[in-house]
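Asks: In the order they appear, the protein sequences are chains A and B.
Mapped onto our numbering, the consecutive letters of the first sequence carry residue numbers 747 to 853.
Mapped onto our numbering, the consecutive letters of the second sequence carry residue numbers 51 to 165.
One thing to keep in mind: the hints can contain errors.
As the list claims (entries may be wrong) - In silico EDC-like links for lysine to aspartate or glutamate, alpha-carbon gap of 20 Å or less: (1) A:Lys-785 x B:Asp-153; (2) A:Lys-853 x A:Glu-825; (3) A:Lys-849 x B:Glu-96; (4) B:Lys-55 x B:Asp-122; (5) B:Lys-93 x B:Glu-138; (6) A:Lys-785 x A:Asp-828; (7) A:Lys-785 x A:Glu-851; (8) B:Lys-114 x B:Asp-139; (9) A:Lys-849 x A:Glu-763; (10) B:Lys-55 x B:Asp-153; (11) B:Lys-55 x A:Asp-787; (12) A:Lys-791 x A:Glu-851; (13) B:Lys-93 x A:Asp-747; (14) A:Lys-791 x B:Glu-96; (15) B:Lys-55 x B:Glu-96; (16) B:Lys-125 x B:Asp-104; (17) B:Lys-114 x A:Asp-747; (18) B:Lys-114 x B:Glu-96; (19) A:Lys-849 x A:Glu-825; (20) A:Lys-849 x A:Asp-828; (21) A:Lys-853 x A:Glu-827; (22) B:Lys-93 x A:Glu-851; (23) A:Lys-785 x A:Glu-827; (24) A:Lys-849 x A:Glu-827; (25) A:Lys-785 x B:Glu-96; (26) A:Lys-791 x B:Asp-153; (27) A:Lys-791 x A:Glu-825; (28) B:Lys-93 x A:Asp-787; (29) B:Lys-93 x B:Asp-139; (30) B:Lys-114 x B:Glu-66.
Unchecked claim - Derived DEER-like restraints, expressed as beta-carbon distance ranges: (31) A:Lys-853 x B:Ser-160: 27 to 33 Å; (32) B:Asn-103 x A:Ser-802: 19 to 25 Å; (33) B:Lys-114 x A:Asp-838: 16 to 22 Å; (34) A:Arg-807 x B:Ser-120: 38 to 44 Å; (35) B:Val-52 x A:Asn-799: 17 to 23 Å; (36) B:Gly-60 x A:Pro-826: 28 to 34 Å; (37) B:Ser-120 x A:Gly-788: 22 to 28 Å; (38) A:Ser-772 x B:Ala-149: 19 to 25 Å.
Derived by calculation from the structure, the hints in this document are not laboratory data.
Small disclaimer: the values here were computed from a predicted structure and weren't measured.
Virtual Cβ for every residue (Gly too), placed ideally from N, Cα, C.
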Amino acid sequence: DIQMTQTPSSMPASLGERVTISCRASQGISNYLNWYQQKPDGTIKPLIYYTSNLQSGVPSRFSGSGSGTDYSLTISSLEPEDFAMYYCQQYDSSPNTFGAGTKLELK
Amino acid sequence: QVQLKESGPGLVQPSETLSLTCTVSGFSLTSYGVNWVRQPPGKGLEWMGTIWNDGSTDYNSALKSRLSISRDTSKSQVFLKMNSLQTEDTAIYLCARGAYVMDAWGQGASVTVSS
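Next up, chain A with everything else stripped away, as it sits in the complex (with noise of 0.2 Å):
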């Protein structure tokens, strides 16, 4: 199975800080990267598809970026929806897996 590793676990950030996550595949994963917010209700959206595409709905400070094994969700400027969880899911092999997450934290 190809492995995730999400870093940072958590982060703490202020509102209209610039932050990025990143993602790390065990393998070339072809940008099939996928990534999802969920928020403490539980609620998962989905953010971000094939690497860099902006799903449907979702503002243009949220953009996402990588190749080969290496992939980084940025958010331009936090807004107070922002702090939430934030997975990244490689979808190049079966079975498609998650990374552990990011916890985003108001500093």
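Could you slot chain B onto chain A? The hints should help.
Replies: Chain B alone, transformed into the frame defined by chain A:
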């Protein structure tokens, strides 16, 4: 409006079988695949399996021997059955629409495995 809603027993005895239902609306199961994903308390997400729009299935090899996913397209329902449950199967079980991108999720069903 796309919606998915999980339902099932909140408590299952060890060694017994878990049965969950995902009832969907706003889309057809013959057009979209549906995934089951679980999240143990305080932990991350684990993909369990997918039933594709053509009715074929794909399972996580770690669970394959215990897991079955099926559907009733006339009722817009997807079913999960997993046998030989152990305490480590305690989790929130979620269904999500999509083939490779899970673009809509249910709220999840909490399942506790305990005697």
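Asks: Decide, hint by hint, whether the structure agrees.
Replies: Comparing the hints with the structure gives:
Our distance criterion of 20 Å between C-alpha atoms is met by A:Lys-785 and B:Asp-153, whose separation comes to about 15 Å. The suggested pairing of A:Lys-853 with A:Glu-825 holds, with an alpha-carbon distance near 13 Å, which does not exceed 20 Å. Distance restraint check for A:Lys-849 and B:Glu-96: the Cα-Cα separation of roughly 17 Å lies within the 20 Å cut-off, and the hinted pair is therefore satisfied. Straight-line distance between C-alpha atoms of B:Lys-55 and B:Asp-122 comes to about 15 Å, which keeps the hinted pair within the 20 Å bound.
At roughly 12 Å between alpha-carbon atoms, B:Lys-93 and B:Glu-138 fall within 20 Å of each other, so this suggested pair holds. Annotation: proposed proximity of A:Lys-785 to A:Asp-828 holds, straight-line Cα distance about 9 Å (limit 20 Å). Taking the CA atoms of A:Lys-785 and A:Glu-851, the gap is near 12 Å; set against the 20 Å cutoff, the hint holds. With a CA separation close to 14 Å, the supplied pair B:Lys-114 and B:Asp-139 stays within the 20 Å bound.
Taking the CA atoms of A:Lys-849 and A:Glu-763, the gap is near 15 Å; set against the 20 Å cutoff, the hint holds. Restraint check for B:Lys-55 and B:Asp-153: satisfied, since their Cα atoms lie roughly 14 Å apart, inside the 20 Å limit. The suggested pairing of B:Lys-55 with A:Asp-787 holds, with an alpha-carbon distance near 15 Å, which does not exceed 20 Å. Among the hinted pairs, A:Lys-791 with A:Glu-851 is consistent with the structure: their alpha-carbon atoms are about 18 Å apart, no more than 20 Å.
Between B:Lys-93 and A:Asp-747, the direct Cα distance comes to roughly 18 Å. Compliance with the 20 Å bound is thereby established for this hinted pair. At roughly 16 Å between alpha-carbon atoms, A:Lys-791 and B:Glu-96 fall within 20 Å of each other, so this suggested pair holds. For the hint linking B:Lys-55 to B:Glu-96, the alpha-carbon distance of about 18 Å falls within 20 Å, and the restraint holds. Simply put, B:Lys-125 and B:Asp-104 have alpha-carbon atoms about 16 Å apart, close enough for the 20 Å limit, and the pair holds.
Only pairs whose Cα atoms come within 20 Å are accepted, and B:Lys-114 paired with A:Asp-747 is accepted, the gap being roughly 14 Å. Our distance criterion of 20 Å between C-alpha atoms is met by B:Lys-114 and B:Glu-96, whose separation comes to about 13 Å. Among the hinted pairs, A:Lys-849 with A:Glu-825 is consistent with the structure: their alpha-carbon atoms are about 15 Å apart, no more than 20 Å. Distance check on the hinted pair: A:Lys-849 and A:Asp-828 sit about 10 Å apart at the alpha-carbon level, within 20 Å; holds.
For the given pair, A:Lys-853 sits about 14 Å from A:Glu-827 by alpha-carbon distance, which is consistent with the 20 Å threshold. Taking the CA atoms of B:Lys-93 and A:Glu-851, the gap is near 17 Å; set against the 20 Å cutoff, the hint holds. Our distance criterion of 20 Å between C-alpha atoms is met by A:Lys-785 and A:Glu-827, whose separation comes to about 9 Å. For the given pair, A:Lys-849 sits about 13 Å from A:Glu-827 by alpha-carbon distance, which is consistent with the 20 Å threshold.
As the CA atoms of A:Lys-785 and B:Glu-96 are separated by approximately 17 Å, the hinted pair is consistent with the 20 Å bound. Taking the CA atoms of A:Lys-791 and B:Asp-153, the gap is about 7 Å. The hint holds against a cut of 20 Å. Restraint check for A:Lys-791 and A:Glu-825: satisfied, since their Cα atoms lie roughly 16 Å apart, inside the 20 Å limit. Simply put, B:Lys-93 and A:Asp-787 have alpha-carbon atoms about 15 Å apart, close enough for the 20 Å limit, and the pair holds.
Distance check on the hinted pair: B:Lys-93 and B:Asp-139 sit about 12 Å apart at the alpha-carbon level, within 20 Å; holds. Simply put, B:Lys-114 and B:Glu-66 have alpha-carbon atoms about 16 Å apart, close enough for the 20 Å limit, and the pair holds. For the hinted restraint 27 to 33 Å between A:Lys-853 and B:Ser-160, the CB-CB distance of approximately 31 Å keeps it satisfied. For B:Asn-103 paired with A:Ser-802, a C-beta distance near 20 Å keeps the hint of 19 to 25 Å intact.
Checked against the given bound of 16 to 22 Å, the beta carbons of B:Lys-114 and A:Asp-838, roughly 19 Å apart, stay inside it. Roughly 41 Å separates the CB atoms of A:Arg-807 and B:Ser-120, a value that falls within the hinted 38 to 44 Å. Distance hint check for B:Val-52 and A:Asn-799: the Cβ-Cβ separation is about 19 Å, which falls inside the suggested range of 17 to 23 Å. Remark: the range hint 28 to 34 Å for B:Gly-60 to A:Pro-826 is upheld by a beta-carbon distance near 33 Å.
The hinted window of 22 to 28 Å between B:Ser-120 and A:Gly-788 holds, with their beta carbons roughly 25 Å apart. Our hint of 19 to 25 Å for A:Ser-772 and B:Ala-149 holds, since their Cβ atoms are close to 23 Å apart.
Every hint from the earlier list agrees with this structure, and none is contradicted.
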